[in-house]
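S.K.: Residue numbers (this note's numbering), protein chains in the order written: chain A, -18 to 103; chain B, -5 to 280.
FYI, nobody ran anything at the bench for these hints, they're computed from the structure. Don't take every hint at face value.
Said to hold, decoys possible - In silico BS3-like links for lysine-lysine, alpha-carbon gap of 25 Å or less:
{"no.": "1", "chain 1": "A", "residue 1": "Lys(-8)", "chain 2": "A", "residue 2": "Lys43"}
{"no.": "2", "chain 1": "A", "residue 1": "Lys61", "chain 2": "B", "residue 2": "Lys79"}
{"no.": "3", "chain 1": "B", "residue 1": "Lys151", "chain 2": "B", "residue 2": "Lys269"}
{"no.": "4", "chain 1": "B", "residue 1": "Lys79", "chain 2": "A", "residue 2": "Lys66"}
{"no.": "5", "chain 1": "A", "residue 1": "Lys61", "chain 2": "B", "residue 2": "Lys58"}
Unchecked claim - Derived DEER-like restraints, expressed as beta-carbon distance ranges:
{"no.": "6", "chain 1": "B", "residue 1": "Asp173", "chain 2": "A", "residue 2": "Met(-18)", "range": "54 to 60 Å"}
{"no.": "7", "chain 1": "A", "residue 1": "His42", "chain 2": "B", "residue 2": "Arg148", "range": "46 to 52 Å"}
{"no.": "8", "chain 1": "B", "residue 1": "Lys141", "chain 2": "A", "residue 2": "His42", "range": "35 to 41 Å"}
{"no.": "9", "chain 1": "B", "residue 1": "Glu57", "chain 2": "A", "residue 2": "Asp64", "range": "16 to 22 Å"}
{"no.": "10", "chain 1": "A", "residue 1": "Ser88", "chain 2": "B", "residue 2": "Glu57", "range": "31 to 37 Å"}
Even glycine gets a Cβ: it sits at the ideal position worked out from N, Cα and C.
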Amino acid sequence: MKIAIPVDDKKMEASVCISFGRTPYFMINDTESNESIFIDNSAAASQGGAGIKAAQLLVDHKADVLLTPRCGENAAEVIKAADIKMYKTMPGSARDNINAFTEGKLSILEEIHAGFHGHGEK
Amino acid sequence: MKIAVLSGKGGTGKTLVSVNLAAAAEESVYLDCDVEEPNGHLFFKPGNFYEEEISIKIPAADEKLCSGCRTCVNFCKFNALAFIKDRLIVFDEVCHSCGGCILFCPERALNEKEKTIGKIQKGISGQVTVNTGILNTGEASGIPIIKKLLDENRTNKEIISFIDCPPGSACIVMESIKDADYCILIAEPTLFGVHNLNMVYELVKLFHKPYGVVLNKCQDGENPAERFCNEKGIRILGRIPFDNELGTLNSNAKIAVRENEKYRTVFLSLLETVKKEVRHEAAVNP
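Let the sequences and hints guide you as you build the complete structure.
M.R.: Okay, here's the thing in structure tokens:
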């Protein structure tokens, strides 16, 4: 199983990025090999629709699970169409959240925001 | 002659000024480009009106022809397309209707689909042609409606037209002032009003539009918006008093110039000032 997390830095101890669509990197952890790779989020600099493009990126990397603090409605539509399960992260590093997920401590992300559409995000 | 009336926020008096100027001009065109909340028609109560639906073109994929090459997904600058589980997903509200995806599809699997986003209402009030753009609730952008309103008015060279703009200084306002010969900025006499005035002031400068300010809701004492105009050397076209009678007429959806000689004089004088400014501008910067 592959778990994706938006992260602020390319390391296991990195904090989870507050933004899904415009996170600088995604960490993808393969639970079978327990190896993690970091990918640049090519959607981060998009003029618009960053969430859609970021979600497409995760689909293309064959993620099964997404751990994220929040997610916009367009991105959620893509994630849902791809049958990727979304869980809400808790405070802590990417590693902490992977552990929390494997211990079954994270809950399904149900709250989907309407998106920022170029406003309110840095 | 096309006059745009704009302000940095809602409720400063764009509709009051543009409706009354159009009514004072008698034979004129009033274009309500505030498509999210058009309210000029409440004053004009136009008769003989008819409606026209406005639609945009968005792509629709023929799944049988789509090879999954993703040319369209990669082409779209706005990321309006995603390819998930062998199926193309189109995000209508993200699409800017550029048609590029359709053009570049090597399989010709994409076609244009019409999507209604709102309408234009056209009517007459006295000698004023009243055209109103109305965006359907929930739609992302009213720009196609504004384009249509202004395009239809483009050939009109003789009759003076007033463009009642949406509030703010975003794309939708830029679209509304693009063709204008002159911009009237409406300002409130507060510090907050100055901030909002500055937004539209910067916008009209960026667009190299000739402009002037109308100070609305003027009371005795200090007017920060007036001070701002004096500091920046901005032409003040006129002052509208903060006045109970005018407020009452306006809140009862009455057109002040049609009801009261005093206000008729105020707006006629403003109209003359604006016309003079436009003529002067045409002579200086043809």
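S.K.: Hint by hint, say whether it matches the structure.
M.R.: Quick rundown of the hints versus the structure:
1. Using a Cα cut-off of 25 Å, the hinted pair Lys(-8) of chain A and Lys43 of chain A holds, with the two alpha carbons roughly 20 Å apart.
2. Our distance criterion of 25 Å between C-alpha atoms is met by Lys61 of chain A and Lys79 of chain B, whose separation comes to about 11 Å.
3. A distance of roughly 14 Å separates the Cα atoms of Lys151 of chain B and Lys269 of chain B; the hinted pair therefore holds under the 25 Å criterion.
4. Between Lys79 of chain B and Lys66 of chain A, the direct Cα distance comes to roughly 15 Å. Compliance with the 25 Å bound is thereby established for this hinted pair.
5. The hinted pair formed by Lys61 of chain A and Lys58 of chain B meets the criterion: a straight-line CA distance of about 23 Å does not exceed 25 Å.
6. Checked against the hint of 54 to 60 Å, the pair Asp173 of chain B and Met(-18) of chain A passes, with Cβ atoms roughly 57 Å apart.
7. Between His42 of chain A and Arg148 of chain B the CB atoms are about 49 Å apart, so this pair conforms to the stated range of 46 to 52 Å.
8. For the pair Lys141 of chain B and His42 of chain A, the supplied restraint of 35 to 41 Å holds, since their beta-carbon distance comes to about 40 Å.
9. The supplied range of 16 to 22 Å is met by Glu57 of chain B and Asp64 of chain A, whose beta-carbon atoms lie about 19 Å from each other.
10. Judged by the Cβ atoms, the range 31 to 37 Å given for Ser88 of chain A and Glu57 of chain B holds: they are separated by roughly 36 Å.
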